Amino acid sequence: MQLAVLGGFVLAAFAPLLHRWFGERAGLVMAILPAGLALWLFGQLPSVVAGDTLVFEYAWMPGLDITLTFLLDGLSLLFALLISVIGVFVLVYAGGYLKGHQDLARFHVVLVAFMMSMLGLVLADNLVAMFVFWELTSITSYLLIGFNHNDPEARKSALQGLFVTVGGGMALMAGLVMLANAGNSWSLQELITRGDALRQHELYLPMLLCLLGGAFTKSAQFPFHFWLPNAMAAPTPVSAYLHSATMVKAGIYLMARLHPALGGTESWTLILSLFGALTMVTGAFLALRHTGIKQVLAYSTVMALGTLTMLLGIGTQEALIAFATFLLAHSLYKGALFMVAGILDHETGTKDIAAMGGLRKAMPITMVCAVVAALSLGGIIPMLGFIGKELMLESVLHAERLNGLLLMMSLAAAIMTMAAAAIVALRPFFGSWKDTPRSPHEGPVSMLAGPATLATLSLLFGLLPSWVSPLVMATASSVEGSAVDSYLALWHGVNLPLILSLISLAVGLLIYRHWERWRDWQGRLDPILNRGPEACYFLLMNLIVVVSEWQTRMLQNGYIRNYLVMTLLVLVGLTSHALVYRHDLVLDVSLDVRAHEALVAGLMVAGAVTACIMRSRLASVAAVGTMGFCIALTFVLFSAPDLGITQMLVETLTVILLILVLFRLPRFATLSTPLERVRDVVVALATGGLITVLILAVISGEQLPSISDYMVANSVPEGHGHNIVNVILVDFRALDTLGEIFVLALAAIGVYAMLRFHADEYDAAKQRLPHEEYLDG
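So that you can map any letter, position 80 of the sequence shown is 80 in full-length UniProt numbering, and since no number is skipped, the others follow by simple counting.
Just so you know, not all the hints are guaranteed correct.
[Unchecked claim] Pairwise CB distance ranges, derived in the manner of DEER restraints:
| no. | residue 1 | residue 2 | range |
| --- | --- | --- | --- |
| 1 | Leu464 | Lys434 | 34 to 44 Å |
| 2 | Gly481 | Ala578 | 44 to 54 Å |
| 3 | Gly481 | Val730 | 43 to 53 Å |
| 4 | Thr53 | Val10 | 20 to 30 Å |
| 5 | Ala578 | Ser672 | 27 to 37 Å |
Don't read these hints as lab results, they were simulated from the structure.
All values derive from a computational prediction rather than experimental measurement.
Glycine residues also receive a C-beta, built at the ideal position from the N, C-alpha and C atoms.
Just need the whole structure built from these sequences, with the hints factored in.
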């Protein structure tokens with residue numbers, strides 16, 4: 001499993017090569033990997049249903065006790081199956097939807113990387129690995145949403161999604177660190193078994209808030225819901241995958257995974273139940289405000305994500321069974337509906353539902369797929385969505401807290417969702433014929449395979465719930481933290497949930513019939529809705545720009561002298577405060593200076609003073625060089641010839657470079673005022689005095705055991721070298737040395753690029769200008 005996930009990133013890197021070999025069939029070739037992984041996952045289903053937990057461990061960073069561990073239980077198996085199975089259909093669908101697109105290879109690179117990132121997230125057991133995959137989903141989704149990078153709206157939507165999800169990711173990182181410290185482990189397996197200690201820990205509330213901050217932003221919970229509908233700027237294959245099985249379900253997965261460890265408290269129940277219910281109603285309400293089919297479906301996804309969060313907040317066994325069933329049902333019908341939306345857009349040239357009508361004869365297969373999937377969205381018998389809706393209403397009725405409020409909000413959301421389902425299923429295909437920008441016809445097989453299969457599964461799993469009941473119960477058991485013994489059934493007799501479903505069906509169809517009047521009424525709320533969370537986001541972005549402009553104008557004004565003065569003043573101020581108020585200074589000012597040492601020190605002082613007062617740049621450079629060579633001589637006098645040689649080489653090269661630069665500089669001029677020069681003298685004296693005090697304090701203070709003893713003792717046995725300095729650089733400080741080499745290499749590449757750029761300019765100018773004119777220039 002680890003090889004399959006990590007190998008997927010390798011496959012993504014080879015996508016352009018596969019396109020060169022297989023052309024338009026490259027998507028089919030790349031779909032082999034998720035298809036094979038799905039088959040393997042199906043093979044593990046009996047073991048997982050039996051209660052086994054499969055663990056695959058690889059020592060990633062053994063020195064830091066960090067392993068790349070994949071965990072396969074009911075919850076991760078359900079998510080992994082959805083990601084891999086729907087991923088196969090999305091890859092096939094994208095080949096038809098983007099057929100002939102010049103950037104299809106780039107699309108496949110990012111899509112496969114996104115798929116593997118999501119798989120790694122839901123399978124990872126280690127918190128560090130999970131966070132790495134979490135951030136990879138944010139980055140790859142940003143690239144997918146902004147795939148049409150020439151479109152300003154796509155770029156803006158991609159950036160908005162990145163800001164919101166990465167901002168939440170920072171909160172998540174803090175929460176994971178607190179979780180690991182409170183549970184004394186980085187393993188989810190171990191943390192889940194320490195729920196009692198975690199819930200009683202003093203860090204529980206801040207830890208919970210940080211973790212939910214990451215989950216809420218990722219899964220578009222109110223008030224962060226606005227980024228998800230805007231992400232519809234992505235190509236439809238991305239939207240189908242994003243909403244059905246991947247990105248937006250990451251936060252839901254995180255909350256479900258942590259439920260055994262953190263769930264059950266009053267804080268958990270109130271926060272998840274209230275925010276989930278509010279998100280549910282908000283998504284259903286806003287779905288009826290738009291006529292774009294992708295917008296309607298996007299807001300219905302917000303509704304579903306809120307429902308799943310609310311069920312996790314309720315936290316009873318009924319609610320967790322409803323959670324698993326609703327999750328599966330939503331993934332199937334939402335993937336099918338988004339693919340239908342892509343077919344309509346691809347074949348008619350419009351995404352506006354109001355501009356479509358009477359397409360049932362031109363697109364009969366698409367119509368059947370849309371109607372069947374929409375029946376599941378509306379929660380109508382005999383679809384799997386009906387079972388999920390019934391279980392959701394029953395869970396709300398039996399909730400221990402806020403059941404009255406949650407029931408009203410659930411019923412309102414069910415009514416509006418039914419109306420949205422009717423709009424998506426009926427408006428484009430029934431009614432009078434409407435002319436569209438393109439002559440509509442049935443989509444290709446590659447685009448119909450996905451929605452047809454997913455819609456069929458929604459119907460089959462509704463008629464035969466026993467097929468998926470074991471997987472649903474295994475998922476609910478993982479979320480509960482103990483075995484859940486129940487089963488799914490299509491019919492439970494005439495009861496209150498059924499009556500509420502019938503009410504939602506009747507009222508939802510009534511709203512559908514008067515949809516235009518409903519939208520007119522909603523339009524009156526635009527002044528309020530336009531000042532919602534998204535307006536706050538743009539206000540924050542504008543505030544960042546204003547503050548950045550002020551900060552740049554005041555602090556980053558382009559004068560290096562000001563940068564240096566501010567840096568040194570902060571250093572002097574903070575360090576002096578720490579020395580005075582936090583440490584007892586003991587300074588040993590006894591001097592044992594010989595004549596030749598005093599002479600070298602005097603030359604250094606003379607060089608520094610001369611460099612400051614001379615009005616000739618050449619003389620100043622010579623004075624600075626004198627000071628540098630005196631430092632090299634000091635190293636030699638105190639038995640450090642290697643440092644002395646290094647200092648001499650650096651000083652010689654620096655002086656030569658400075659002299660060469662002098663010929664390019666303008667004539668010497670005094671730019672500072674007398675007051676500014678006095679300020680610079682004061683800052684220089686304060687900084688020099690501070691450094692002197694620090695050196696004396698280090699020499700005079702309590703001596704800790706010298707690290708040099710360790711280096712001497714371990715140079716040969718550990719580093720296999722007698723030159724201790726070399727061993728330190730290449731063994732004990734290997735990463736530090738590697739970083740320095742990387743910086744030097746990067747600087748060398750930059751210098752080469754600059755020199756090459758000027759050489760190209762030289763050649764171009766030589767060709768443009770006459771020989772005599774170029775020499776004069």
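Now for the hints, and whether the structure bears them out:
1. Leu464 - Lys434: 34 to 44 Å: For Lys434 against Leu464, whose Cβ atoms are near 38 Å apart, the range 34 to 44 Å holds.
2. Gly481 - Ala578: 44 to 54 Å: Since Gly481 and Ala578 have Cβ atoms about 48 Å apart, the given range 44 to 54 Å holds.
3. Gly481 - Val730: 43 to 53 Å: holds (49 Å)
4. Thr53 - Val10: 20 to 30 Å: holds (28 Å)
5. Ala578 - Ser672: 27 to 37 Å: Given range 27 to 37 Å: holds, Cβ gap about 31 Å.
The structure fails none of the hints (numbered hints given earlier).
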